[in-house]
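Novice: Sequence:
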Amino acid sequence: MTEGWMNGACPCGSGKALDQCCGPYLEGAAWPEDAESLMRSRYTAYGCGRFDWLVESTHPDHREGVSVEGLAQSAEGVRWLRLDVKDVRTNVPSEDSAQPHDEVDFYAYYELEGVPRQLAERSAFSRKDGKLYYAGGVSLRPAGYRRAEAKVGRNDPCPCGSGKKYKKCCGAAAS
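Numbering (my numbering), first residue to last: 367 to 541.
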């Protein structure tokens, strides 16, 4: 990043200056003590293009397939708009581990190629060697239905290729 990149408000929405909030984590000068701070720093890392922090703050047991290059590629065309942290839970019993973990429910708003979108996730954070790490997340929303093909309007040309309007061709049989 360029000199002075930490001037201004922190993108995480805390209301603090970047250099007093998530900036020290992204620079390696400090490590977040709680799950919400780690979550906010990860959001800020996405917004600032600091993908090295995303890899470093991912739990070592969950880093397989996580790379700076892959994260940078997945973020192409994305403009992060806002983070809303909805709930933070500590010492949540784990199903697959004797060690409890922390959870953060959040909504991240962004634009992808100019189209507004929303990411809703319950993120899990667990400790290793005294440090808290991101250990994965699950969507808070079911996957939306996607049509295999574009919807044909009544006045659109019929997809069968006849040249007629859909409502006078195959659409007449469908109604």
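Hints in this document: simulated from the structure, not taken from any laboratory.
Being a predicted model, the structure only gives us computed values, none of them experimental.
Don't take each hint at face value.
Under the rule of at most 27 angstroms between Cα atoms (straight-line distance), these lysine-lysine pairs were calculated in the DSSO-like manner [as the list claims (entries may be wrong)]:
#: 1; residue 1: Lys494; residue 2: Lys517
#: 2; residue 1: Lys530; residue 2: Lys517
#: 3; residue 1: Lys533; residue 2: Lys497
#: 4; residue 1: Lys452; residue 2: Lys382
#: 5; residue 1: Lys517; residue 2: Lys452
#: 6; residue 1: Lys382; residue 2: Lys533
#: 7; residue 1: Lys517; residue 2: Lys497
Novice: Each hint needs a verdict: does it hold in this structure or not?
Specialist: Status of the hints after comparison with the structure:
For the hint pairing lysine 494 with lysine 517, the CA-to-CA distance comes to about 50 angstroms; that exceeds 27 angstroms, so the pair is violated. Annotation: proposed proximity of lysine 530 to lysine 517 holds, straight-line Cα distance about 16 angstroms (limit 27 angstroms). This hinted pair does not check out: lysine 533 and lysine 497 have alpha carbons roughly 63 angstroms apart, beyond 27 angstroms. Our distance criterion of 27 angstroms between C-alpha atoms is met by lysine 452 and lysine 382, whose separation comes to about 19 angstroms.
Only pairs whose Cα atoms come within 27 angstroms are accepted, and lysine 517 paired with lysine 452 is rejected, the gap being roughly 36 angstroms. The suggested pairing of lysine 382 with lysine 533 is violated, with an alpha-carbon distance near 58 angstroms, which exceeds 27 angstroms. Distance restraint check for lysine 517 and lysine 497: the Cα-Cα separation of roughly 50 angstroms exceeds the 27 angstroms cut-off, and the hinted pair is therefore not satisfied.
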